Amino acid sequence: TSHHISGTCKMGPDSDSMAVVDQFCHVRGVDGLRLADASVMPDCIRANTNATVIMIGEKVADWIKEGR
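So the sequence shown is numbered by the numbering used here: it starts at 1475 and just counts up by one.
These are computed hints drawn from the structure, not numbers from a lab.
Treat the hints with care, since some could be wrong.
Calculated lysine to aspartate or glutamate pairs in the EDC-like style (CA-CA distance at most 20 Å, straight line) [to be verified]:
(1) Lys1539 x Asp1517
(2) Lys1533 x Asp1511
(3) Lys1484 x Asp1511
Since the structure is predicted, the reported quantities are computational estimates derived from the model, not experimental observations.
The whole structure should be built from the sequences, with the hints applied where relevant.
This is how it looks when you write it as structure tokens:
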């Protein structure tokens, strides 16, 4: 919905020229930058995005700590 913007920075494999981030949310072509918000969601969802965005942020934080 217009109140739950998501999906503006597509996640996908290296072979997908339209994908902005990889499976670990690294922004392609920009060293050291990751996205950890609703923009990496593949579709607009019909509910509040708060819990999902918190989970994405927690997972990306784990990957950073693990050195991925």
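A quick look at each hint next to the structure:
| no. | hint | verdict |
| --- | --- | --- |
| 1 | Lys1539 x Asp1517 | violated, 28 Å |
| 2 | Lys1533 x Asp1511 | holds, 11 Å |
| 3 | Lys1484 x Asp1511 | holds, 12 Å |
Violated hints amount to a single one, hint 1; each of the other numbered hints is respected by the structure.
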